[in-house]
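Chain by chain, the residues run as shown.
There are 2 protein chains.
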Amino acid sequence: MIKLQLALDVLTTDEAMKLAEATKDSIDIIEIGTPLIKHEGIGLVKKMRKAFPDKEILVDLKTMDVGEYEADFCFDAGADIVTVLGVADSGTIEGAIKSAKKHGKKVMVDLINVKNKVKRAKKAKKLGADYVGIHSGIDQQNRGHSPLEDLKEVSKKVNIPIVVAGGINQETIADIIKHKPAVVVVGGAITGSKNPAKAARKLKESMTKRKKKVS
Amino acid sequence: MIKLQLALDVLTTDEAMKLAEATKDSIDIIEIGTPLIKHEGIGLVKKMRKAFPDKEILVDLKTMDVGEYEADFCFDAGADIVTVLGVADSGTIEGAIKSAKKHGKKVMVDLINVKNKVKRAKKAKKLGADYVGIHSGIDQQNRGHSPLEDLKEVSKKVNIPIVVAGGINQETIADIIKHKPAVVVVGGAITGSKNPAKAARKLKESMTKRKKKVS
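Chain order of the listed sequences is A and B.
In this text, residue positions in the first sequence follow the numbering used here: the first is 1, and each later residue adds one.
In this text, residue positions in the second sequence follow the numbering used here: the first is 1, and each later residue adds one.
Errors might be hidden in some of the hints.
Copies of the same chain are indistinguishable here, so a pair counts whether it falls within one copy or spans any two.
Once the Cα atoms are required to be at most 25 angstroms apart in a straight line, the calculated PhoX-like pairs of lysine-lysine come out as [stated by the list, open to error]:
id : residue 1 : residue 2
1  : K119      : K101
2  : K115      : K105
3  : K46       : K122
4  : K18       : K101
5  : K119      : K194
6  : K202      : K98
7  : K101      : K194
8  : K102      : K46
9  : K115      : K125
10 : K102      : K202
11 : K157      : K194
12 : K115      : K126
13 : K157      : K3
14 : K156      : K50
15 : K24       : K101
16 : K119      : K152
17 : K101      : K198
Derived from the structure by calculation, the hints contain no laboratory data.
If you're wondering where the values come from, they're calculated on a predicted model, not measured in any experiment.
Whole structure, please, built from the sequences with the hints as guidance.
Next comes the structure, spelled out in structure tokens:
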């Protein structure tokens, strides 16, 4: 089953908690986005952990240095998955993975802005990462970039679970799930919706419904 | 005059405030380190701004996406300088610079793990960055990497103020300042010292004293 991850792209604890609460029946993973963790700090991870004991929590640290140090305090606060940048030094990725193994938790290597994504995904797998992220940044989406082509290529050539992110919505999700990612990340299409609960439910349905066979 | 920047590589507001207070007579710029901002959130920037109205405050955001969005809330909280990653999409760097211009503040493009630092430094200058950072990460220092060679090359070939960081201490600072960086960043050699105030004072003295002329 492909998991649905809600990217909390807001800035305050209050907005984040409300969105997670509204969508909890449809989402599998709560993502505390990079601006959100920088704005609210680790207290929010503890609060989320307490409020949603049955959900997976990903903290989008996008770590660029001191991989073990940053991952350590996130896992200690209750995170299940942290992210580290594929453009970081391999020592940084190893540090985050070391921390994850110590805590019995997981690491996603985010391939945002990595030139050779297939090569880096293979390296991430070799280092022991649990996921790689195929991710078009917001600043890239603003120039019309989508993660679909990279998803096709990496999913074909590297045997590692993929988390896919970058402007995915009700219109584009069908093409995305064809390539069998492990996790689909949705931000704005839920958090920017007038009815986040309904938007999340519809996306989840699109991910799980089977085409009816003609009998 | 070369400025001395204290990199607060601790995790809590309490430790950070104490270190800034202890060293304030010797330092020019207070850096809220990347793990520290992720751990404590934006409240710490506001607190620092209030406690140290005469110091420059740099928030080491190491932004990888949504450059304008992240820089905006940091400048609004009182930061004077934010950092954005050289390995990020140029659109992300442009976003951070746009925010800085809007607020009358500054951006440092951190060249950590950038392959061609001269080329990227030229691009940063062209985009309107105020500084580039020549920066050996902790995970790179652990393999014996120092920023000196990169500092030599970039300072020779690109006309942009340089912030230099990476394991700089009382022994290595003399070689560093020969290459006339705008800012020298020191972390562990101050924060890990038994007497941070004294360590900062000695470093500042090493940066400012002139060799006596033989009369």
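So, going through the hints one by one against the coordinates:
{"no.": "1", "hint": "K119 <-> K101", "in the structure": "within (23 angstroms within a copy, 38 angstroms between copies)"}
{"no.": "2", "hint": "K115 <-> K105", "in the structure": "neither (28 angstroms within a copy, 31 angstroms between copies)"}
{"no.": "3", "hint": "K46 <-> K122", "in the structure": "neither (33 angstroms within a copy, 42 angstroms between copies)"}
{"no.": "4", "hint": "K18 <-> K101", "in the structure": "neither (32 angstroms within a copy, 34 angstroms between copies)"}
{"no.": "5", "hint": "K119 <-> K194", "in the structure": "neither (40 angstroms within a copy, 45 angstroms between copies)"}
{"no.": "6", "hint": "K202 <-> K98", "in the structure": "neither (38 angstroms within a copy, 37 angstroms between copies)"}
{"no.": "7", "hint": "K101 <-> K194", "in the structure": "neither (40 angstroms within a copy, 33 angstroms between copies)"}
{"no.": "8", "hint": "K102 <-> K46", "in the structure": "within (19 angstroms within a copy, 35 angstroms between copies)"}
{"no.": "9", "hint": "K115 <-> K125", "in the structure": "both (17 angstroms within a copy, 23 angstroms between copies)"}
{"no.": "10", "hint": "K102 <-> K202", "in the structure": "neither (37 angstroms within a copy, 39 angstroms between copies)"}
{"no.": "11", "hint": "K157 <-> K194", "in the structure": "neither (39 angstroms within a copy, 52 angstroms between copies)"}
{"no.": "12", "hint": "K115 <-> K126", "in the structure": "both (18 angstroms within a copy, 22 angstroms between copies)"}
{"no.": "13", "hint": "K157 <-> K3", "in the structure": "within (21 angstroms within a copy, 49 angstroms between copies)"}
{"no.": "14", "hint": "K156 <-> K50", "in the structure": "neither (38 angstroms within a copy, 54 angstroms between copies)"}
{"no.": "15", "hint": "K24 <-> K101", "in the structure": "neither (28 angstroms within a copy, 40 angstroms between copies)"}
{"no.": "16", "hint": "K119 <-> K152", "in the structure": "within (14 angstroms within a copy, 31 angstroms between copies)"}
{"no.": "17", "hint": "K101 <-> K198", "in the structure": "neither (37 angstroms within a copy, 40 angstroms between copies)"}
In the structure shown, a violation is registered for the earlier hints numbered 2, 3, 4, 5, 6, 7, 10, 11, 14, 15, 17, in ascending order.
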